[in-house]
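Combine both chains into one complex, guided by the hints.
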Amino acid sequence: MLNDDEFAALFDAYRPRVYAYAVSRCGRRLAEEVVSETFVVVWRRRDVIPAKAPLPWLLGVAHNVIRDLYRDELRRAALDEALRGWTEELEGDVADQVVERATAMKALSTLSDADKEVLTLVSWHGLTSAQAAAVVGSSRSAFFVRLHRARRRLEAAINNVTAADPRPAFVPEEEK
Amino acid sequence: MKRKNALDLLAAARPADLDLPGAPWARTEELPPPVRRVRVRWVGAVAASLATASVIGALAVPRLLDLDVSTGHVATVPVGNALDTAARSAAAQRQTPGRFWYTEGLILGEEIIGAPGNRYRIKTRVQTGRWAPRDPATLTVLTERGLPTVPASGQEEQAWRRAGEPKLCGNDTDCANDTAPLGRTRFIFMPGTWPYGDQGLTLPAAALLDLPQEPDALRERLLAFWPAYGETMKDWPSPPSGSSLPTKDSWLLDISLELLQHAPVSAGTRGALYRMVANLPGTRALGRIPDAEGRRGIGIGWTRAMGDGQSEQQLIVEESSGRLLALQHVVVKPWSQNPAGNETAGLPAGTVYHALVYQRAAWTDTPARLPKGCSAPTQTDRKDCVG
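Protein sequences, first through last, are from chains Y and B.
Letter 56 of the first sequence, counting from 1, is numbered 56 in my numbering, and no numbers are missing.
Letter 95 of the second sequence, counting from 1, is numbered 1095 in my numbering, and no numbers are missing.
In isolation and in its complexed conformation, chain B is listed as follows (with noise of 0.2 Å):
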């Protein structure tokens, strides 16, 4: 009887389907290094991938646009469910708090640049950290460290080169004074109770771990601070055309999300706060939805209009671990003129046009190292350092 390796049966089993066409395939030897010089096929390739979030965003913009956005109450699966499973997996998490909720992710950005008849749209990323403190007298320290922006999309990239290839820098792209600079880490200290503090919720950092985890008690809790919050917009200035103040349910979902995303809060808390934003009026159910970076996770979302435009922010979470992923924009209507305070006028439907990717949060006893030079400043007024 024959007698056969099964690393060589394996061998012998390869699927040609392993092949590109038209591509044999080099058995054991590592390829010669590279010598040939030719127009660069990788750009489609590159260009195809940098250019997913959209096509990712392009594909859920039928479901957004076939739905009747404006009373937000049409829903493709049941809502107060949708994050239901992600709630439980969030709350069950065993933590014991350290000094820090420690965040750490990625701030993507998509928008158009250049001059009038030379412009091209750009991918912009920035690499982010914030350590929030439990101690009130404590600073929060945020870092943001500049990655390279690239064209969004092999086309983009042909316009660009038409405008004369101008430097592509951080995430200001003016190449000086970027607020994340290229290749450098800005540390930026911040109030222990920033930001939620400004926007009314005027509870030390250490009483959030006593927030409720009961998603009524706990929307009743924070209600509690909207009098007063609502009380300090008679002094605000008028808002600008196509914007308006806050409303209680938009000030709620916005500070619901705040807490989500960077405060010490109980892992019960993150699990109600989770059950409370699913249901919060004009929430819609998105099902499994991929984040900017393409890991999917269960979404829900808020349609708002801004402008002549329409945005949609969608929250996405890993059910298994209730683990955040993302918070990110999507364009549903495009914009023919740019609304306030945002640079997205002339950005196709469907296009991820801010998004916070999350890579990992976690409770740590670490305080942020500050580069030589670089301490923490004793008060509370915003001071920063670059390292």
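The shape of chain Y in the complex, shown without the other chains (with noise of 0.2 Å):
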């Protein structure tokens, strides 16, 4: 079990990632408790915490202190409005590259919750499909079918965007 001082390192190293997770997962404002009650769950559960990269486990924690501390709609509506926040710092810029962000952010805010959560976890948070599997309690290979499953909804929801709002044009890797 890890004392009191280890356990104080584990905070500190693993906070901003804790934190960037909620902060994908609901917004910024409702950012701060998920994280302290995260800790607070990992503190009472410090005998168990993996010795070995622990993150995946963290996020895990996370992951369901956020499904437990909030009903999905008030969720969702803080996440919906962090999406809308975020979209609109990017339009603001009118730099090809930032019109590209801001058409996967805009395209990101139309799909579902479970797709947004498997696609953020692997492009916002660099996790492999190993790790971000565990986060969300499934089996690896179920992970990636799910992950293959959201890639394509994303890539058509780009499409969409970029269909209703004419600009550089995206162009699914596959189809090279």
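Hints listed in this document are in silico derivations from the structure and should not be mistaken for laboratory results.
Keep in mind that the hints are not guaranteed to be accurate.
Partial list, computed: chain Y residues near chain B (C-beta under 8 Å) [unchecked claim]:
# : residue
1 : V23
2 : R28
3 : D68
4 : R101
5 : A104
6 : M105
7 : V122
8 : S123
9 : R151
Counterexamples of contact, computed for chain Y against chain B with all Cβ distances above 12 Å [claimed, not checked]:
#  : residue
10 : A114
11 : V136
12 : G137
Within a straight-line C-alpha distance of at most 20 Å, the following computed DMTMM-like cross-link-like pairs (lysine to aspartate or glutamate) qualify [said to hold, decoys possible]:
#  : chain 1 : residue 1 : chain 2 : residue 2
13 : Y       : K116      : Y       : E88
14 : B       : K1167     : Y       : D47
15 : B       : K1167     : Y       : D4
16 : Y       : K116      : Y       : D80
17 : Y       : K116      : B       : D1017
18 : Y       : K116      : B       : D1008
Quantities reported herein were computed from a predicted structural model and do not represent experimental measurements.
Beta carbons: idealized from backbone N, C-alpha and C, even for Gly.
Written out as structure tokens, the structure reads:
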């Protein structure tokens, strides 16, 4: 079991990652509370923290904390608000690359909650499929299928956004 | 035309909001194992969260205090409608009664302990389960498992350290013979109709399933048991100072809350109970409020004076399912001295000082799994064992 100092070091090392995950799931407004509650749970369960590579386990705790802490509607509303803000920030810039990012952000906001989580775990939090699978509590193979489908839907959504607001077109990598 | 991977595009769009100020994001690598030895900053975050219940309660207080709690007839929204949606949801649940109505949850408490001059506030947690049988010959099994007791906030933790960091144990905090032993489970065996049988609802457990499913008829049916129970009160000793014997209304409320929490009743009766308690005199609608674990639901409450203080009992229900989330007590007017039967003096207004938080409630045919050497008693005397 971690002693107080080891726990403090774990907190310092991983708090930014847990915070980032929380923001991506429910926006900044609720994120601090998620981080606090997550580390309360981690503290209580400090006898089972994986010694090596604890990040997926920590994010798995945060995943459950968010589910238990907020009703889905509240969390989704908070995330939608955040996504709108992020999109507006990007749309303020006319550089091609930034326009593409705005398109991706807008497309993401049209996807299901499950797709959003799968995609952001990989693209925003830098997790491998195996790590992300551990966070959402699925098998690696099941997660791989979910990611593949979510990615397809993201591609379609990006093309839809682009079609509705013609700017530099997006062509999926698979069609190269 | 430049072709891009959708995930790369999304990665490039990663918002800066995800980063804590001064904490640049580590893109792909797992962070190195922690080696730093620093003064614990996590205490603040943990304490902040542990204090959430108090904060939530504090936010609710102005709403309580600006109403005329003595009459109990003032409500911010029509009380009669407060639990209608939840009642409909509860009544619509399809249930196949099994051998037991099983409930699982947490008993949460907050109190002030320690020697005079070195006092600090703690939070206690107990994991609990209850198997309430339909067969009156079968015993009710109640389990209690102590979870770690912690200081209630960062400030309280400092006070606890100043007091010499005495060991914090289970619910009883004396580290010996706790009702809910830390890390172990106590199995308690009670009569099948406990506790509502002792409270005057002298129905066999199986008959509870036949209770009316319409609020007025249910009220009438339950009140039919009041005269006999009221008669038994003649033999009771005088209540301690600051408390009083049950009245017809308070008895009806208590028995109804007991049925809602633990009794094997039908989904229709559960819905009728919600509607009935929401319409009892003195009930106040609280709107959407959080329970002690932060889960939000629709709440109704009843304020009660005890000693020189006042508390509010809150019933919180998830509207979409009709699931009971919690029954909790909040300090409205702090006590200067402990009221009878409570260790609540000194707790600030807004503190959730006692809560039963429900995590699961369902019919089951599976009885409690008893540890080796802990067989259920054949008589209905209270017995228990620790496993």
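Verdict on A114/Y as a residue remote from chain B, using beta-carbon distances over 12 Å: The claim stands: A114/Y keeps its Cβ more than 12 Å from every Cβ of chain B (closest is about 15 Å).
Under 8 Å, Cβ to Cβ, is where V122/Y needs to be relative to chain B, so tell me if that hint holds or is violated. V122/Y check passes; min Cβ-Cβ to chain B is 6 Å, inside 8 Å.
Taking the least C-beta to C-beta distance, is D68/Y closer than 8 Å to chain B? holds, 7 Å
Holds or violated: K1167/B with D4/Y, Cα cutoff 20 Å? The given pair, whose Cα atoms are some 15 Å apart, holds under the 20 Å limit.
May I ask you to test the interface hint for R151/Y with respect to chain B, counting a Cβ-Cβ separation under 8 Å as satisfied? Result: holds, 6 Å to nearest chain B Cβ.
Within a Cα-Cα threshold of 20 Å, do K116/Y and E88/Y meet the stated pairing? holds, 18 Å
Taking the minimum C-beta separation from V136/Y to chain B, is that value above 12 Å? Check passes; 17 Å lies beyond 12 Å.
When the nearest CB of chain B is found for R101/Y, is that gap smaller than 8 Å? holds, 4 Å
May I ask you to check that G137/Y keeps its beta-carbon over 12 Å from the closest beta-carbon of chain B? holds, 18 Å
Going by Cβ atoms only, is V23/Y closer than 8 Å to chain B? holds, 5 Å
Agreement of hint R28/Y with chain B interface, Cβ distance less than 8 Å: holds, 5 Å
Next item in the hint list is M105/Y. Is there a CB on chain B closer than 8 Å to its CB? holds, 5 Å
Of the hints listed earlier, there is not a single one the structure fails to meet.
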